[in-house]
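Asks: Using the sequences and the hints, build the whole thing.
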Amino acid sequence: LAPGSSTAQVPLLMWSSDSLPPLAPATAGHITSHEEVTAYLSYVFGSGSHTVLLFLQDKLSKDDFTLYGGVFGNKQESAFQHLEAALHSSSSVTLPALEWTGLSAISTLLQEKLGVPPLLVDADTLSQLSINTSVNNLLLVHLPYCSNSLETCKEVLNDNDQIIGNVLSFLKDKDVSYTAMYTGLQPSRVISEAPVPNQHVGRTVLQTVEDDVKPPIMYPESGSPCIMLWAQNLNVDIASGAGWLDLALQSHSTVGSMCNSTNSLLVLNYPNYTLSFSMSQRFYPTSARNWFTLDQVQLRSFNQTETFIGSRGIYAPAEYSYRCQTVRSYQDALLIPADITSQWRLDFTDFQIQGFSLASGNFSYASDCAGFFTAGIWMGLVTSLLMLLIFVYGLHMIMQLNTMDRFDDPKGPTISVPQTE
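Residue numbers for the sequence shown follow the UniProt record's numbering, beginning at 1 and rising by one.
Careful, some of the hints might be misleading.
What the hints assert, rightly or not - As a list, the in silico BS3-like pairs of lysine-lysine whose alpha-carbon atoms are at most 30 Å apart:
(1) K154 <-> K59
(2) K59 <-> K172
(3) K75 <-> K59
(4) K75 <-> K172
(5) K75 <-> K62
(6) K172 <-> K62
(7) K113 <-> K62
(8) K113 <-> K172
(9) K75 <-> K154
(10) K113 <-> K174
(11) K62 <-> K154
(12) K172 <-> K154
(13) K113 <-> K59
To be clear, the hints were calculated from the coordinates, so they are not data collected in a lab.
Replies: Structure below.
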């Protein structure tokens, strides 16, 4: 069975008053092809005369037997009682899945094998039927299905089963040897299989699709950089009514940038905007190491300039880079406006910068702005310490309990107190 196909199949039940050649049992999931059933019928009807009954129902599938066949021991509720009795009392062959190739495939095949046209038999005129057993006979009994009917499927199938029983009783009374077949013009249910792409089928490691990560901004843009900056967003707002503008989405140039051993300046030139990052490093005897600071960020637009001081909160060891999830000039600001009356605002997301000690074009170890002892950690530590003190105090008090070394003896002599007036 090719993947991606829609397999239509109908069941075929066959029984005879004489005997049928044995048929190898089909494996689970096997679909009997048109060639296989043709070869078998050629063997069955190869010689002699035959009377063949074809009960052809409008639609039929294996699921109809499952739903209405009285399975799980409920034989009295079966809609196929006469059919089941005929299969059990006769030589029978069952093809649960016969490849369906068209509406008249099975009747056409029987016409070819028997060499006679089908004779349509009606249940009402059955008593007037005359059968010549010396020649081949193909009797076609048409059975309806529950579609487009006011009756339930079980009622329709019950009526069909009654017709099958009446026809078989008529042939038995006439002492006519027959071979009967019960199948459908088309399947009542078709299982459609989803197409499988032509690729390796098997277990594979599921991977998430990685988002494209834009490269960092570097100066100089070719060769070994001395300044690197990366940010998811570089939002600016100059309070002109236009709202936030993300400069990271626009093209830029680094004309005007410079760097040396003590100072670095990264200038990002955008259309109508210029964003400058000024950094410096110096040696601090207290820590015995060099530290760099982002001294200021300058924004120029429409011949106006605003400066934001960052040296108070944006710093890191000179051989490290600095990283912070949010760098802004308002609400927990790390960039302080030089003019406190200014309405200009900056908001950088996932910000990382390094202006010194760059090696091989990669950021060095990042010094993150998020401290280790956050408010939540401090609350947890203080609460844990308080609970520990309570536990130690309680344990100390339990250890200080002493038992009394003398008790009253209830079996000793009682104390008598003389009564005097």
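Asks: Does each hint fit the structure? Answer for all of them.
Replies: To see whether the hints hold, each was checked on the structure:
{"no.": "1", "hint": "K154 <-> K59", "verdict": "holds (14 Å)"}
{"no.": "2", "hint": "K59 <-> K172", "verdict": "holds (27 Å)"}
{"no.": "3", "hint": "K75 <-> K59", "verdict": "holds (23 Å)"}
{"no.": "4", "hint": "K75 <-> K172", "verdict": "holds (24 Å)"}
{"no.": "5", "hint": "K75 <-> K62", "verdict": "holds (17 Å)"}
{"no.": "6", "hint": "K172 <-> K62", "verdict": "holds (28 Å)"}
{"no.": "7", "hint": "K113 <-> K62", "verdict": "holds (26 Å)"}
{"no.": "8", "hint": "K113 <-> K172", "verdict": "holds (24 Å)"}
{"no.": "9", "hint": "K75 <-> K154", "verdict": "holds (14 Å)"}
{"no.": "10", "hint": "K113 <-> K174", "verdict": "holds (25 Å)"}
{"no.": "11", "hint": "K62 <-> K154", "verdict": "holds (14 Å)"}
{"no.": "12", "hint": "K172 <-> K154", "verdict": "holds (27 Å)"}
{"no.": "13", "hint": "K113 <-> K59", "verdict": "holds (24 Å)"}
In this structure, none of the earlier numbered hints is contradicted; all agree with it.
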